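Residues per chain, in single letters:
Protein chains: 2
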Amino acid sequence: MDGTFDIKAEMRDIGAAARAAARELAYASSEQKDMALSAAAQALWDRRAEILEANAADMEDARAKGISGAMLDRLELTEGRVRAMVEGLRAIAAQPDPVGAVLAEWDRPSGLHIRRVRTPIGVIGVIFESRPNVTADAGALCLKAGNAAILRGGSESFRSARAIHACLVDGLRAAALPQAAIQLVPTRDRAAVGEMLGMVEHIDVIVPRGGKSLVARVQAEARVPVFAHLEGIVHIYVDRAADPEKARRVILNAKTRRTGICGAAECLLIDRAYFEAAGAPFIADLIAAGVEVRGDDSLQALPGVVPAGAEDWGREYLDSIIAARLVEGVDGAIEHIRRYGSNHTDCVITEDDAVAARFFERLDSAILMRNVSTQFADGGEFGMGAEIGIATGKLHARGPVGAEQLTSFKYLVEGDGAIRA
Amino acid sequence: MDGTFDIKAEMRDIGAAARAAARELAYASSEQKDMALSAAAQALWDRRAEILEANAADMEDARAKGISGAMLDRLELTEGRVRAMVEGLRAIAAQPDPVGAVLAEWDRPSGLHIRRVRTPIGVIGVIFESRPNVTADAGALCLKAGNAAILRGGSESFRSARAIHACLVDGLRAAALPQAAIQLVPTRDRAAVGEMLGMVEHIDVIVPRGGKSLVARVQAEARVPVFAHLEGIVHIYVDRAADPEKARRVILNAKTRRTGICGAAECLLIDRAYFEAAGAPFIADLIAAGVEVRGDDSLQALPGVVPAGAEDWGREYLDSIIAARLVEGVDGAIEHIRRYGSNHTDCVITEDDAVAARFFERLDSAILMRNVSTQFADGGEFGMGAEIGIATGKLHARGPVGAEQLTSFKYLVEGDGAIRA
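As they're listed, the protein sequences go chains A and B. Numbering-wise, the first sequence is residues 1 to 421 according to full-length UniProt numbering. Numbering-wise, the second sequence is residues 1 to 421 according to full-length UniProt numbering.
Bear in mind the hints are in silico, worked out from the structure with no lab data behind them. Keep in mind that this is a model prediction, so the values were computed, not measured. Worth double-checking, as some hints may not be accurate.
Same chains, same names: a pair is fine if it fits in one copy or spans any two.
Stated by the list, open to error - Pairs of lysine-lysine residues, derived as DSSO-like cross-links and limited to a Cα-Cα distance of at most 30 Å, are as follows:
id	residue 1	residue 2
1	410	8
2	410	65
3	410	212
4	212	65
5	212	8
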């Protein structure tokens with residue numbers, strides 16, 4: 001199909017079909033949407049052999065291209081990973097329908113009764129990279145919120161995404177919903193991304209889910225609004241009033257549980273007074289766990305710490321590496337994070353409520369934490385069932401983006417012939 | 001100042017100052033912000049002679065340029081209009097502070113306590129045309145929500161806006177808030193608008209408030225996100241179950257109370273069965289009130305109705321003109337509005353709950369109404385104190401944009417050393 005594909009025309013057709021489907025989805029019943037999700041989950045399980053076969057072909061090509069181990073890991077599907085997708089779809093089906101919820105309701109002296117109710121956004125474009133499971137998660141979350149989805153996966157996961165998408169379409173068909181409710185762009189051609197970014201008439205918002213270069217391209221080129229998903233330059237500040245044991249537990253987990261996720265800690269900021277009084281046993285823990293700790297001058301006396309360079313501040317390693325430096329109290333930490341952070345997730349370890357309040361008040365990350373592992377920065381852990389990603393922008397969606405964040409609202413105003421004086 | 005103004009450098013300085021001010025405003029107390037608003041209100045009243053003098057100079061220039069009567073009316077300030085600005089500022093000061101409000105709060109089995117709290121957005125750029133009062137309204141709403149504002153008024157209202165802005169700065173000074181919290185672009189040069197549209201580092205969102213060509217330019221050129229304020233192509237559908245008296249009252253008010261506002265009715269859709277049974281006395285009312293009614297073929301038999309052309313559907317007159325046509329029931333009305341509407345405000349006149357429910361469900365205007373005048377499409381009438389405009393987009397802000405819609409949120413997560421399994 002790739003060779004003879006007229007991108008502009010095909011993308012326009014996909015957009016028009018999505019817009020038409022979105023109009024129908026806007027008032028599809030909760031039962032119908034959940035039926036589609038359950039049927040899709042069943043289809044994923046029933047057709048797992050087919051999916052794994054498609055994935056094996058993708059993996060073979062990827063290996064032949066010499067693609068890196070981390071990327072191969074993201075690309076690979078196993079029966080366990082298919083099961084996780086199935087469970088994800090069922091969890092989304094089990095959640096309450098966000099559409100139609102009355103967000104606020106009030107009366108006015110003029111005789112008006114006003115309700116603010118949740119509505120779908122319309123058409124959502126999701127541009128992602130090599131993880132094939134995003135096909136299922138993103139498609140399902142969009143559908144749950146009554147939106148049509150146009151999914152554009154990475155070229156390496158093309159076959160896997162297509163096999164998964166076929167199961168989502170099975171689900172839509174079983175529930176008598178329009179098949180264009182979830183479309184997968186049927187080409188590897190990167191020009192399709194460029195088209196999507198400009199389709200202001202047919203796409204209401206673009207969600208880029210992937211690495212820095214993908215997100216940067218989307219933000220630079222898009223005419224369609226974007227829910228920015230920047231990298232997670234996650235800081236942990238160890239305050240002078242930190243509980244040493246909590247600091248050790250939280251820091252080890254935040255860095256090492258999984259190093260490749262956006263909530264993994266990337267930089268430790270340690271209050272100078274704390275360090276002078278109590279040292280930094282959590283740094284020894286990290287080194288013992290195989291983490292490379294890149295410290296500033298004051299920390300290089302610690303055994304195993306290697307020197308940090310200027311490029312280590314504000315860096316997302318997504319690997320067994322962490323930067324570390326001393327700061328002058330919470331204000332020093334705030335200053336560092338404002339300068340180098342990415343407004344994703346930042347954490348303070350302290351028993352002092354005033355310090356925590358200052359950290360929460362003066363920083364503006366989507367997620368601010370106190371005395372908990374930053375690895376909790378996740379829609380599932382927040383109780384949202386699933387997430388399409390962690391938004392770092394400030395408009396509309398912020399933090400974990402679940403079905404609720406994929407909605408808009410409208411005002412319904414009723415009266416009995418009221419006129420304005 | 002205009003002649004020697006280095007637009008690029010000056011706008012960058014304005015942006016950087018706004019960003020710095022926004023950081024301080026983000027945690028300014030409610031008392032401090034309200035004090036600034038009250039002091040600004042007082043300054044506006046104390047310095048009204050100066051404001052009216054500046055406005056007289058603007059009016060003189062505008063008349064010399066041969067500017068139209070409607071625009072002169074928007075530009076003109078009177079003591080009454082200054083008093084309205086003063087009252088607007090006081091009303092905004094009296095409203096609750098949206099910042100810091102806990103929007104949701106819950107516990108997780110993992111031991112996490114999660115709060116979602118309102119925050120300011122940051123820096124808001126407001127681009128408006130000839131109404132000088134927008135300077136006060138927009139500046140005050142941005143401040144109330146803890147945002148820094150960069151205001152760019154039309155060149156005709158330059159001196160008036162500058163005099164009003166000086167009073168806002170008096171208020172900021174009285175409350176010891178940064179003066180860069182509300183800045184007015186100090187040049188008439190249109191290149192300043194172009195700079196603002198591209199200042200993604202310094203401006204978080206642009207609110208264009210003005211006519212179709214301004215909004216179109218902003219939407220086409222902006223790299224900064226925009227709260228779209230499209231025109232109000234407001235429809236009223238008279239259903240077969242309409243109460244004839246309510247229809248007459250509502251339609252006359254919706255068209256004639258003020259024809260120049262975005263909530264004024266522009267198109268009547270009349271159910272064919274209703275028309276055949278009951279006629280259209282509301283059309284006779286409109287004609288008697290001096291409104292030009294442009295009807296489709298079926299309506300031209302009515303005395304005084306002139307023929308509508310294809311260009312009359314989907315048109316915002318903002319004048320004593322209305323289009324009118326017969327449709328086949330509520331579905332015919334929905335079809336017409338989907339095709340020609342602007343997602344601003346649309347109204348159904350019916351006593352039939354099922355018809356109203358269908359109209360509310362299948363249309364996606366920011367404001368949908370039943371049996372009330374569309375002239376109520378206004379932030380003040382909704383109880384928001386004041387508005388910066390009516391947003392017709394679907395992301396973030398929608399409908400009347402008051403202080404609450406000028407906020408974002410963040411998640412505050414607390415625990416007692418919780419780590420992720």
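- Structure versus earlier hints, numbers of those that do not hold, lowest first: 1 and 2
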